[in-house]
Amino acid sequence: MSSAGTGSSQGVGARVLRKEDDRLMRGRGQFVADIRLAGMKDVAFVRSPLAHARIRGIAIPDHLRDRVFVAADLEGVAPIRAVSGLPGFKISEQPVLATGKVRQVGELVAMCIGATRAEAEDIAAAVTLDLEELPAVHDMREALKPGAPLVHEHWGDNVFLEAFVDVNFESALDAPIKVTREISTSRQCMAPLEGRGVVATFDHRLDQLTVYSATQMPHINRNGLSECLGMPQERIRVVSPDVGGGFGHKGILLPEEVCLSWATMRLGFPLRWIEDRREHLTASANCREHHYRITAYADRDGRLRGIDCEATVDSGAYSSYPFSACLEAAQVASILPGPYDFPAYRCRTFSAATNKCPILPYRGVARTGVCFALELVLDAVAREAGIEPSALRLKNLIRPDQMPFDNITNKHFDSGDYPEAVERALAAIDVAGIRARQRAGEPDGRRIGVGLAVYCEQAAHGTSVYAGWGIPMVPGHEMASARMTPDGGLEIKVGVHSHGQGLETTLAQVANEILGVDIDRVRVVLGDTAATPYSTGTWGSRCMVMAGGAVATACKELAGKATRIGARLLQVAPEDVTLAAGHVSSATGSVSLKEIAHTWYRRPQDLPADVDASGLEAIAGYKPVRDSGTFSYAAHAVTVAVDPDLGTVDILDYVIVEDGGVLVNPMVVDGQIYGGLAQGIGTALYEEMPFDDAGQPLATTFADYLLPGPTEVPEPRLDHMESPSPYTQFGVKGIGEGGAIAPPAAITNAINDALSGLGVEMLHSPVTPHRIVEAILGARGASRSRTAA
Amino acid sequence: MKPAPYQFERPRTLDAACALLAEAERSGAHVKIMAGGQSLGPLLNLRLAEPDLVIDISAIRELAVADRAGDDLVLGACVTHADIEDGRVPDVTRGAMQRVAGGIAYRAVRNRGTVGGSLSHADPAADWLSALTALDARLVLQGPDGTRTLPLSDFVVGALETALLPAEMVAAVRVPLLAPSARWGYAKACRKTGEFAHAIGAVLVDPQARTARVVIGALDARPLLLADASGLFGGRITSEFAAQFDPAAADALLAEAGVADPVRRHFHVTVLGRAVREAAQ
Numbered sequence: 039m040s041s042a043g044t045g046s047s048q049g050v051g052a053r054v055l056r057k058e059d060d061r062l063m064r065g066r067g068q069f070v071a072d073i074r075l076a077g078m079k080d081v082a083f084v085r086s087p088l089a090h091a092r093i094r095g096i097a098i099p100d101h102l103r104d105r106v107f108v109a110a111d112l113e114g115v116a117p118i119r120a121v122s123g124l125p126g127f128k129i130s131e132q133p134v135l136a137t138g139k140v141r142q143v144g145e146l147v148a149m150c151i152g153a154t155r156a157e158a159e160d161i162a163a164a165v166t167l168d169l170e171e172l173p174a175v176h177d178m179r180e181a182l183k184p185g186a187p188l189v190h191e192h193w194g195d196n197v198f199l200e201a202f203v204d205v206n207f208e209s210a211l212d213a214p215i216k217v218t219r220e221i222s223t224s225r226q227c228m229a230p231l232e233g234r235g236v237v238a239t240f241d242h243r244l245d246q247l248t249v250y251s252a253t254q255m256p257h258i259n260r261n262g263l264s265e266c267l268g269m270p271q272e273r274i275r276v277v278s279p280d281v282g283g284g285f286g287h288k289g290i291l292l293p294e295e296v297c298l299s300w301a302t303m304r305l306g307f308p309l310r311w312i313e314d315r316r317e318h319l320t321a322s323a324n325c326r327e328h329h330y331r332i333t334a335y336a337d338r339d340g341r342l343r344g345i346d347c348e349a350t351v352d353s354g355a356y357s358s359y360p361f362s363a364c365l366e367a368a369q370v371a372s373i374l375p376g377p378y379d380f381p382a383y384r385c386r387t388f389s390a391a392t393n394k395c396p397i398l399p400y401r402g403v404a405r406t407g408v409c410f411a412l413e414l415v416l417d418a419v420a421r422e423a424g425i426e427p428s429a430l431r432l433k434n435l436i437r438p439d440q441m442p443f444d445n446i447t448n449k450h451f452d453s454g455d456y457p458e459a460v461e462r463a464l465a466a467i468d469v470a471g472i473r474a475r476q477r478a479g480e481p482d483g484r485r486i487g488v489g490l491a492v493y494c495e496q497a498a499h500g501t502s503v504y505a506g507w508g509i510p511m512v513p514g515h516e517m518a519s520a521r522m523t524p525d526g527g528l529e530i531k532v533g534v535h536s537h538g539q540g541l542e543t544t545l546a547q548v549a550n551e552i553l554g555v556d557i558d559r560v561r562v563v564l565g566d567t568a569a570t571p572y573s574t575g576t577w578g579s580r581c582m583v584m585a586g587g588a589v590a591t592a593c594k595e596l597a598g599k600a601t602r603i604g605a606r607l608l609q610v611a612p613e614d615v616t617l618a619a620g621h622v623s624s625a626t627g628s629v630s631l632k633e634i635a636h637t638w639y640r641r642p643q644d645l646p647a648d649v650d651a652s653g654l655e656a657i658a659g660y661k662p663v664r665d666s667g668t669f670s671y672a673a674h675a676v677t678v679a680v681d682p683d684l685g686t687v688d689i690l691d692y693v694i695v696e697d698g699g700v701l702v703n704p705m706v707v708d709g710q711i712y713g714g715l716a717q718g719i720g721t722a723l724y725e726e727m728p729f730d731d732a733g734q735p736l737a738t739t740f741a742d743y744l745l746p747g748p749t750e751v752p753e754p755r756l757d758h759m760e761s762p763s764p765y766t767q768f769g770v771k772g773i774g775e776g777g778a779i780a781p782p783a784a785i786t787n788a789i790n791d792a793l794s795g796l797g798v799e800m801l802h803s804p805v806t807p808h809r810i811v812e813a814i815l816g817a818r819g820a821s822r823s824r825t826a827a
Numbered sequence: 532m533k534p535a536p537y538q539f540e541r542p543r544t545l546d547a548a549c550a551l552l553a554e555a556e557r558s559g560a561h562v563k564i565m566a567g568g569q570s571l572g573p574l575l576n577l578r579l580a581e582p583d584l585v586i587d588i589s590a591i592r593e594l595a596v597a598d599r600a601g602d603d604l605v606l607g608a609c610v611t612h613a614d615i616e617d618g619r620v621p622d623v624t625r626g627a628m629q630r631v632a633g634g635i636a637y638r639a640v641r642n643r644g645t646v647g648g649s650l651s652h653a654d655p656a657a658d659w660l661s662a663l664t665a666l667d668a669r670l671v672l673q674g675p676d677g678t679r680t681l682p683l684s685d686f687v688v689g690a691l692e693t694a695l696l697p698a699e700m701v702a703a704v705r706v707p708l709l710a711p712s713a714r715w716g717y718a719k720a721c722r723k724t725g726e727f728a729h730a731i732g733a734v735l736v737d738p739q740a741r742t743a744r745v746v747i748g749a750l751d752a753r754p755l756l757l758a759d760a761s762g763l764f765g766g767r768i769t770s771e772f773a774a775q776f777d778p779a780a781a782d783a784l785l786a787e788a789g790v791a792d793p794v795r796r797h798f799h800v801t802v803l804g805r806a807v808r809e810a811a812q
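First to last, the sequence lines map onto chains A and B.
Under the working numbering, the first residue of the first sequence carries the number 39, and numbering increases by one thereafter.
Under the working numbering, the first residue of the second sequence carries the number 532, and numbering increases by one thereafter.
Note that these hints are calculated values from the structure, not bench results.
No residue lacks a Cβ here, since even glycine has one placed at the ideal position from N, Cα and C.
Possibly wrong hints are sitting among the right ones.
Calculated pairs, EDC-like style, for lysine to aspartate or glutamate (alpha carbon to alpha carbon, straight line, at most 16 Å) [to be verified]: (1) B:Lys-723 / A:Asp-688; (2) A:Lys-216 / A:Asp-337; (3) B:Lys-533 / A:Asp-80; (4) A:Lys-433 / A:Asp-455; (5) B:Lys-563 / B:Glu-540; (6) A:Lys-433 / A:Asp-337; (7) B:Lys-533 / A:Asp-314; (8) A:Lys-599 / A:Asp-614; (9) B:Lys-533 / A:Asp-160; (10) B:Lys-723 / A:Asp-455; (11) B:Lys-533 / A:Glu-157; (12) B:Lys-563 / B:Asp-759; (13) A:Lys-632 / A:Glu-655; (14) B:Lys-723 / A:Asp-742; (15) B:Lys-723 / A:Asp-681; (16) A:Lys-139 / A:Glu-170.
Residues of chain B placed beyond 12 Å of chain A at every Cβ, according to the derived structure [said to hold, decoys possible]: (17) Pro-682; (18) Ala-710; (19) Glu-726; (20) Pro-738; (21) Ala-758; (22) Ser-761.
Based on the sequences and whatever the hints tell you, model everything.
Next up, the structure:
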């Protein structure tokens with residue numbers, strides 16, 4: 039047999055509209071907050087108002103005693119433990135309700151149950167906490183100093199993990215150019231349209247706890263719930279209904295999920311908790327906060343000789359399940375070299391504990407911070423060498439003739455032409471035209487600048503990568519099942535989840551590519567531990583590679599079964615038929631998959647006695663040929679106009695040249711890039727969660743936590759390259775996060791280009807009007823005092 | 532984010548609303564008046580406001596009326612920003628108020644938010660507070676003993692603080708007719724569309740009358756009003772006022788007003804300068 043082959047109007051590469059949009063765009067999706075169960079009550083939490091305090095007492099009014107639960111009530115519930123196997127990692131135990139101490143503002147202290155959320159909040163307001171405030175540490179670099187307040191006293195310091203890499207570093211020291219910068223990114227919140235939410239209920243008939251949760255990773259949630267509740271997994275079902283954006287926030291096991299699970303079993307009625315925006319911003323979805331002290335060594339012509347870096351990640355108070363408190367810093371050390379080829383490297387990383395929310399992996403994870411640090415320092419090197427930033431990149435990028443390429447940290451680049459992406463971006467943005475315009479000046483007094491950033495996005499990291507980090511979740515073979523229905527439809531079941539990625543469509547396209555079944559007749563089942571095979575879920579831009587590969591593999595097996603049955607119906611040998619466009623055909627006849635399915639299920643009397651008995655159902659596991667991950671990449675080029683008096687930045691033009699391997703649905707890929715770009719612009723210019731000296735988060739609503747809106751996000755010009763991965767089914771690569779990686783670096787480089795005549799260099803994101811004007815006024819003051827001297 | 536429990540009344544007349552206010556004052560109940568609810572709604576949900584009683588005045592038809600009274604425009608307290616933006620009220624400012632209204636927050640906010648509610652809330656970053664102070668608007672306040680009229684500049688006594696007495700409410704806003712020779716300029720700095728302003732400048736210059744009235748808004752305090760702003764223009768208002776604008780004088784004024792951060796002062800001076808330029812165009 040052979041597969042349908044490429045070129046199907048609905049298969050791999052087809053720009054088909056998303057199947058799921060019919061319900062989602064009409065407001066007919068079903069999210070956790072839409073679920074109504076008989077007798078369901080609402081939960082609100084009493085949260086710590088302080089960043090660090092000893093709990094002396096929790097006063098619950100007598101008449102509310104049976105509606106309020108504290109840590110002492112949670113008999114048999116274990117704390118959340120996300121331990122990394124990296125040597126030296128210090129373990130934190132995250133109690134589901136605070137015991138002894140609170141270590142962050144927003145930490146759960148008591149669970150309150152009311153007929154409505156408003157009533158539950160009234161009850162929460164009636165509970166009073168007696169807290170002895172302790173000195174709090176909210177600055178990661180202060181946290182590392184001796185004498186800092188300790189988040190976990192028994193550690194003796196505030197270091198989850200310190201790691202060190204040195205490859206030939208000494209050899210760079212004689213380089214004529216040495217540029218050092220301190221670069222940092224602010225703490226952010228992820229802000230998907232839908233926050234987290236949980237509905238928990240117990241089914242006595244099935245003897246099963248059912249947890250509906252807005253999660254990206256239902257099977258991993260079940261692992262965690264089982265560990266915390268001490269319940270065997272077959273007694274727990276996790277259902278993830280429609281989910282309104284994940285971005286990493288929904289890949290985390292929440293203490294709230296454990297609390298509601300315990301309480302519904304204790305109380306006997308369903309419970310609901312829906313995260314509100316204040317909880318989201320102040321108590322949960324924190325991410326991104328990195329600090330780099332980075333030095334680049336180069337020859338006079340801009341050839342990179344080496345990179346030296348000390349990086350600190352503010353990991354917050356606890357190690358989150360399953361990604362742990364050190365995933366970001368571990369990634370920093372291994373991916374900082376980016377898509378560049380240079381011979382010497384040293385990096386020391388710290389995962390610092392502070393009295394703030396645990397840091398969670400956000401779209402791009404460490405790649406966004408790493409790209410920001412590296413691409414900013416490369417621009418500084420280019421200025422020092424007196425060459426165009428693009429020329430410096432072209433000199434140092436991994437070349438196509440080196441592919442596949444193992445870089446200085448043993449990252450295995452599978453394929454691609456990075457210089458070509460840069461060349462295309464430069465041509466599209468018209469650097470020469472911008473330089474001419476800069477010389478002429480702007481009539482309105484603004485200053486324009488052009489910025490470039492290049493990144494690589496390792497995606498679909500497999501067993502070998504995660505086994506090295508040793509966290510509670512290591513992806514193995516990704517599983518999928520494929521089943522023909524008696525009327526010729528196809529049911530595909532996978533354990534990943536879709537929360538905006540369009541997997542109900544793209545996985546159907548994969549099935550269509552193999553079996554030729556119309557995508558309207560392909561039902562993709564996701565997000566339910568009772569209905570789908572085990573999977574680590576949706577994270578790390580892995581679904582198209584891993585679940586797509588698994589669906590293709592299962593469909594191929596199913597194709598083999600259907601072909602063998604079809605050959606019997608056509609009365610020819612299996613090797614004499616082909617499967618194409620949903621039909622099994624021989625030289626003399628043809629039978630449709632629909633007829634094959636009808637015969638197998640409804641008219642078995644028409645089949646010979648010795649027919650293949652395995653039926654029209656297949657379950658298969660998949661791993662790429664190599665599991666070290668696919669490498670997609672892009673060059674982002676942007677033109678900005680900066681108002682030097684108000685510090686405002688307008689994006690005039692944005693070009694993205696992207697290579698995600700073979701694209702299953704280019705429209706879905708474009709959508710991923712648009713969304714990622716919007717988030718990247720947020721990181722670059724707007725989003726920041728500031729803290730006061732007591733560790734209080736200060737941006738508690740969207741009035742203070744600024745997100746870019748439609749008027750702040752331009753339509754980018756996209757160009758696709760398609761270098762297939764040699765290791766994956768169809769040559770696909772993961773591209774889900776890329777859009778969010780490069781914008782902070784590209785935009786900040788453009789701002790620095792615009793302001794270069796003013797003696798100003800912006801090195802902290804977001805690049806706010808206040809920071810820009812502060813720097814300009816500072817530079818003016820410095821030049822005035824020089825003149826005066 | 533659900534409000535604490537409160538009583539709710541929705542009177543149909545201004546008299547009925549005043550009676551409810553008077554009764555609440557006698558009983559010691561804490562009252563909040565809700566018009567469009569665009570500021571009070573979030574404050575209730577965040578439990579930053581926990582009144583015993585909310586009086587919703589949006590059903591009082593007489594408060595939604597806008598009309599000319601002599602040279603003045605009289606806006607009922609419940610006239611919305613969108614009413615002004617869309618030109619559904621008479622124009623006495625040659626489009627100045629219409630342009631200010633169109634720049635307030637987002638259209639969804641403008642559809643419901645009211646001019647009386649915005650002024651009563653007295654958020655220093657709100658547009659009307661600065662713009663109507665510069666236009667020398669007066670407020671008609673309705674209390675148990677009748678009405679009184681107060682210049683807006685006296686009505687606002689601090690950030691989120693007004694001269695409203697207990698049992699008193701804003702009934703109307705009176706905006707005087709702009710003189711034919713008067714020039715208007717208004718500018719603000721926001722980091723994104725719809726965001727609260729970080730700096731506001733409102734300028735009403737009449738080169739013929741040689742007067743300038745200037746407001747610097749979005750401070751941590753009430754808007755800074757210079758009823759005679761000639762000091763910002765070299766001591767004398769001429770037709771060349773834009774060229775005579777003195778940023779250093781504005782900066783000194785802000786420093787004196789307690790704006791310690793030089794960057795914030797720079798924003799305010801820049802925005803004020805742009806408002807001046809607009810007035811000169």
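Query raised in the report: Which numbered hints are broken by the structure, listed smallest first?
Result: Hint check: 10, 12 and 19 fail, others pass.
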